Amino acid sequence: MDFVAVTAFGILYTIATLILLALGLAVIFGMMGVINLAQAEFLMVGAYTVLAVTAHGASVWIGIAVAPVVVGLLGLVIERTIIRFLYGRILDTMLATWGLSLGLVGLVTLVFGPTTEGIATPLGHFTVGEYRLSVYSVFVILMAFAVLGLTYGLFNYTRFGLVARATMQNPNMVSALGVNPARVYMGTFAFGAALAGLGGGVMAPLTGVVPTLGLAFIAKIFITVIVGGPVILLGTTTAGAVLGLVESLVSYGSTPIYGQVAMLAFAIILLRLLPQGISGFWRRGV
Amino acid sequence: MTAWALWAVAVVVVAALPAVLSLFQIVQLTVFMIYSLLALSLDLIWGFGGILSFGQAAFFGVGGYFYGIVGINSGSTTLALTAGVAGAAGLAALLGYFTFYGRVGAMYFAVITLTVTLILHQVMGTTADPRYAVGQARLGGYNGMTNIPSLALEAPGRAPLTLDPVQLFYVVGGLLLLVLALTRALVRSSFGRVLGAIREDELRTELLGYDPRWRKLVTFAISGGIAGLAGGLFAGWGNFMNPQVFSMFQSALVVIWVMVGGRGTLYGAVVGTLVVQSLTNYLGTASVTYTTVALGAVLVVIVLLFPRGLVPAIGGAVRRVSGRRPPAPEFAR
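Chains as they are written, first to last, in our numbering: chain A, 1 to 286; chain B, 1001 to 1333.
None of these hints come from the bench; they were simulated from the model.
Values in this document were obtained by computation on a predicted structure and should not be read as measured data.
Think of the CB as a built atom: it goes at the ideal place given N, C-alpha and C, for glycine as much as any other residue.
Heads up, a few of these hints could be off.
A few chain B residues that face chain A, going by a derived Cβ cut-off under 8 Å, partial list only [to be verified]: (1) Leu1029; (2) Ala1106; (3) Ile1112; (4) Phe1249; (5) Leu1299.
Simulated DEER-style distance windows between Cβ atoms [said to hold, decoys possible]: (6) Trp1214(B) with Leu142(A): 42 to 52 Å; (7) Gly253(A) with Asn1147(B): 42 to 52 Å; (8) Thr7(A) with Pro1156(B): 34 to 44 Å; (9) Ala1155(B) with Gly118(A): 51 to 61 Å; (10) Leu206(A) with Arg1103(B): 33 to 43 Å; (11) Ala1317(B) with Thr81(A): 44 to 54 Å; (12) Gly88(A) with Arg1204(B): 43 to 53 Å; (13) Leu162(A) with Arg1204(B): 35 to 45 Å; (14) Thr255(A) with Asn1073(B): 21 to 31 Å; (15) Arg89(A) with Ala1317(B): 15 to 25 Å; (16) Asn1147(B) with Ala58(A): 44 to 54 Å; (17) Leu206(A) with Asn1239(B): 32 to 42 Å; (18) Leu142(A) with Ala1317(B): 54 to 64 Å; (19) Arg89(A) with Asn1147(B): 45 to 55 Å.
Model the full assembly from the supplied sequences, consistent with the hints where possible.
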C-alpha cells in the first residue's frame, strides 16, 4: 500500500516537473509560434540565479523569487536584439536561438566554470510507512499547478491576456485598434522567459547546477509542447501527464534513460496518429 | 563545357595535393573532406528538399557506431562501411516514415530530429558498463568505442590491405567527388525537379499529382545514408567513436558549414566546411569554451545579416561592385 502511494507520488512529481519546465515554452512556442532553442538555457540561467543568490548568503526562496525577474529581463533584451527581426521566419529563428543557446552555455561556463554545483534542498523529509520523501518535492508539485493556474488566469481573465491572444490571432486588427503589437510580442516573450527562469530556479536544488543543465530538459519540454498541440496550456498539461506517466512507468521498470527513450518513441508514434497533437480536435483556445 | 572543366580541375587538385602537403596536413584534410560529406548530406535535404534536419550528426554517429560494431566483429571494413550507410539510411527512413507520412510540419520535424540526436547522446553515454557490448565490440559510454579497424582495401582471395594516410586521402577524396557528382545528378533529374517543386509549394505539387511524402522519405534516407558514410569513414579514420558526435555542438557545426557555404548549391557545403574547419583549426588553440561562444555568435550573426549564406553574400557583393549581372540560379528562389 505504501509502495503504491509512493509510486503514485513519483508519477505525479514527474508530471508536475514536466509541466513546470514546459510552461514557458508553451507560451513562447505555443502562442507566439517562436521555436526558442535557447529555452533550456533560460532554465539554466534561472538555476544559476538561485545559485548566485544562495552563494551570497540569502535563502533559496529569495533566489527562486529573483530568478524569474532576471530571466524575464534577459528574455526582454534577447527579444529586442534578435528575435524581433525574425518574426515569421520560423527556421531562421530556430537557428539564431540555437546560436544563442550555444553562446549562453559558453558564457556561463566562462563565468561559473564547468563543474556541477549543489544547492542544499530545503524543508527536510516526511515518511510514508518505511519510505522517506522530501517535502520540497511536494512544494514543486504545488508550485507547478499554481503557476499553471496563474498563467491560465492571466491569459483568460485579464486585459493583458485578452490583448495578447488577439495579437497572436490578428496583429493588424489589433494595431488598427490602437495597440502596438511589437510591445505585446515583447511582453509575451519576456513572460515566457520569466516562466522558464522560475522553473529552472525551482528545480535547481533538486538537479544541481551545471552549464549544460538545459540539455537534460530541452528534448523533453519540446516533445511535451509539440504533443500538446494547439490548445496551449491544457494541451501541454495533458501531454505532460501522458508522457510523464509513460516515462516514469518505464523508468521504474528499467533505468531513467530508457524512460526517456520510451517517451520519445511514444511521442513520435502519437504524432503519426494525431499530427495536430493531443488537443488537435479540441475547441481552439488557450 | 565549363562544368566538365571544373570537375577535371577538382580531380587534378585532389590527385596533386599529397605531393604538395605534409603528412599532417593530408590527415587533417582527409577529416575535413569527411566533414564535407556530412555537410553535403544536410545541403541535399535542406537546400533542395527544403527540410531542415538537425539530425545529420545523429546519422553520422550511427554510421560510425555501426562501422565500429560490424568492423570489430567481422574484421571486414567493406562490410562495416556498408553497414554504416545502411544503418543510418534505415534510421532516417524510419524517422521519415513517422514524420512525413504523419504530415508533421517543417518546424516540428526540425525539433524532432534534434530531440532524437540529444537522446542518442544520452543513451550512448550510459553504455560504459562492459555488459553493453555487441559481440566483441564494447560501446564504452562517454569513454567511447576503441580499437575500431582502419579502412582497408579488400579483394576476394587476398589479404586485406590497410590503407596508409595518403591512400585513405585518395579514397575519401574520390568518394567525396563521386557523391558530389551523384547528388548533383539526382537534383537535376526529374525526381530532383519535383523535389524543388515540393520545396517551393507542397500543396500545389501534390494537386498536380505528385506524392510529396515518399519523395521526401527517399531524399531523407539518401541524405541519412551519406551522413552514415561520412560517419563510417570517420570511425575508420580515427579508430575511435564517442557520444560527443551526437552533441549540440556537433549538430550546430553541420548547420554552420552549410550556412557559410550557402544552401542549395552542393559545392557550397564543401567550400563552407573547408573554410570553417580551416579557420577553427587556425584559431583553435584557445579553449573549447571560447570556440563554443564564437560558434554561437557566428550562427546568430549569419542568420541576422546573411540569411542566404556567407559565400553567396560575398559573391553578390563582388558582383555588385564589378557591375556584372548575377547568373541565373539553378532554381528560381
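(request) Hints the structure violates: just list their numbers, smallest first. (result) The structure breaks hints 1, 7, 8, 11 and 12; every other hint is satisfied.
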